[in-house]
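Asker: What follows is each chain in one-letter form.
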Amino acid sequence: AQTVTQSQPEMSVQEAETVTLSCTYDTSESNYYLFWYKQPPSRQMILVIRQEAYKQQNATENRFSVNFQKAAKSFSLKISDSQLGDTAMYFCAFMKPGAGSYQLTFGKGTKLSVIP
Amino acid sequence: DTGVSQDPRHKITKRGQNVTFRCDPISEHNRLYWYRQTLGQGPEFLTYFQNEAQLEKSRLLSDRFSAERPKGSFSTLEIQRTEQGDSAMYLCASSRPETQYFGPGTRLLVL
Numbered sequence: 001a002q003t004v005t006q007s008q009p010e011m012s013v014q015e016a017e018t019v020t021l022s023c024t025y026d027t028s029e030s031n032y033y034l035f036w037y038k039q040p041p042s043r044q045m046i047l048v049i050r051q052e053a054y055k056q057q058n059a060t061e062n063r064f065s066v067n068f069q070k071a072a073k074s075f076s077l078k079i080s081d082s083q084l085g086d087t088a089m090y091f092c093a094f095m096k097p098g099a100g101s102y103q104l105t106f107g108k109g110t111k112l113s114v115i116p
Numbered sequence: 001d002t003g004v005s006q007d008p009r010h011k012i013t014k015r016g017q018n019v020t021f022r023c024d025p026i027s028e029h030n031r032l033y034w035y036r037q038t039l040g041q042g043p044e045f046l047t048y049f050q051n052e053a054q055l056e057k058s059r060l061l062s063d064r065f066s067a068e069r070p071k072g073s074f075s076t077l078e079i080q081r082t083e084q085g086d087s088a089m090y091l092c093a094s095s096r097p098e099t100q101y102f103g104p105g106t107r108l109l110v111l
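These protein sequence lines map, in sequence, to chains A and B.
If you count the first sequence from 1, position 51 lands on 51 in my numbering, and the numbers rise without skipping.
If you count the second sequence from 1, position 27 lands on 27 in my numbering, and the numbers rise without skipping.
Among these hints, one or two may not hold up.
[What the hints assert, rightly or not] These stretches of chain B come out as covered by chain A in the derived footprint (C-beta under 8 Å, 3 or more residues):
| no. | segment |
| --- | --- |
| 1 | 30-40 |
| 2 | 44-52 |
| 3 | 101-111 |
[Unchecked claim] Listing some non-contacts, in silico: residues in chain A with all C-beta distances to chain B over 12 Å:
| no. | residue |
| --- | --- |
| 4 | 9 |
| 5 | 11 |
| 6 | 14 |
| 7 | 16 |
| 8 | 22 |
| 9 | 26 |
| 10 | 39 |
| 11 | 43 |
| 12 | 50 |
| 13 | 65 |
| 14 | 68 |
| 15 | 76 |
| 16 | 86 |
| 17 | 103 |
| 18 | 115 |
Calculated directly from the structure, the hints in this document are not laboratory data.
Where is the CB? At the ideal position from N, CA and C, for every residue including glycine.
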């Protein structure tokens with residue numbers, strides 16, 4: 001079974017600064033997907049970024065980028081130019097595509113606070 | 001594309017009552033998922049549909065839980081004889097193909 005570990009329960013960052021959230025995972029699979037989701041307070045889960053394991057290039061979406069280290073099974077999220085609206089719980093998730101199962105396995109999350 | 005919707009958004013019930021939640025996926029998404037999220041935790045997978053077929057169920061889905069997706073469109077999740085441990089946020093997501101998009105969730109409180 002896959003496991004996802006987020007070792008930072010809480011983090012804070014000054015507005016306009018850069019912050020990196022950590023995620024490690026355990027799997028014996030070679031083909032899989034990794035995701036970062038954002039869940040603002042009392043609001044719904046929003047996809048931030050996605051990475052296919054077969055792609056060596058790190059995914060980037062505007063101010064959000066990942067550092068995907070397949071051999072180390074590490075998938076960190078970097079948020080540049082942090083904004084107050086980035087305050088949220090951030091969840092790292094793993095998915096193994098294939099016959100039958102497309103479920104996401106989530107970490108416990110990191111609570112990010114952006115300080116004005 | 002109106003997004004995934006869920007109804008109701010909040011439900012308070014007494015222990016032993018039955019409750020039913022509804023999820024309307026993004027149109028033409030053939031995959032639909034249910035997850036449960038308790039306070040301070042990440043969502044945990046409950047069950048998965050491809051079209052109208054329920055293809056996978058987690059061991060978390062006890063006999064008191066049942067899910068359906070008639071005609072491959074909306075889905076319902078029913079909990080019979082609710083227990084206080086069922087109190088949680090129930091999330092629905094849909095996808096086509098791999099990326100899952102979540103609804104706002106139904107927050108259940110069992111008294």
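Asker: For each hint, tell me whether it holds in the structure or not.
Answerer: So, going through the hints one by one against the coordinates:
{"no.": "1", "hint": "30-40", "verdict": "holds (count 4)"}
{"no.": "2", "hint": "44-52", "verdict": "holds (count 3)"}
{"no.": "3", "hint": "101-111", "verdict": "holds (count 5)"}
{"no.": "4", "hint": "9", "verdict": "violated (9 Å)"}
{"no.": "5", "hint": "11", "verdict": "holds (15 Å)"}
{"no.": "6", "hint": "14", "verdict": "holds (25 Å)"}
{"no.": "7", "hint": "16", "verdict": "holds (29 Å)"}
{"no.": "8", "hint": "22", "verdict": "holds (15 Å)"}
{"no.": "9", "hint": "26", "verdict": "holds (15 Å)"}
{"no.": "10", "hint": "39", "verdict": "violated (9 Å)"}
{"no.": "11", "hint": "43", "verdict": "violated (7 Å)"}
{"no.": "12", "hint": "50", "verdict": "violated (6 Å)"}
{"no.": "13", "hint": "65", "verdict": "holds (18 Å)"}
{"no.": "14", "hint": "68", "verdict": "holds (16 Å)"}
{"no.": "15", "hint": "76", "verdict": "holds (17 Å)"}
{"no.": "16", "hint": "86", "verdict": "holds (18 Å)"}
{"no.": "17", "hint": "103", "verdict": "violated (4 Å)"}
{"no.": "18", "hint": "115", "verdict": "holds (22 Å)"}
Violation of the numbered hints given earlier is confined to hints 4, 10, 11, 12 and 17; the remaining hints are satisfied by the structure.
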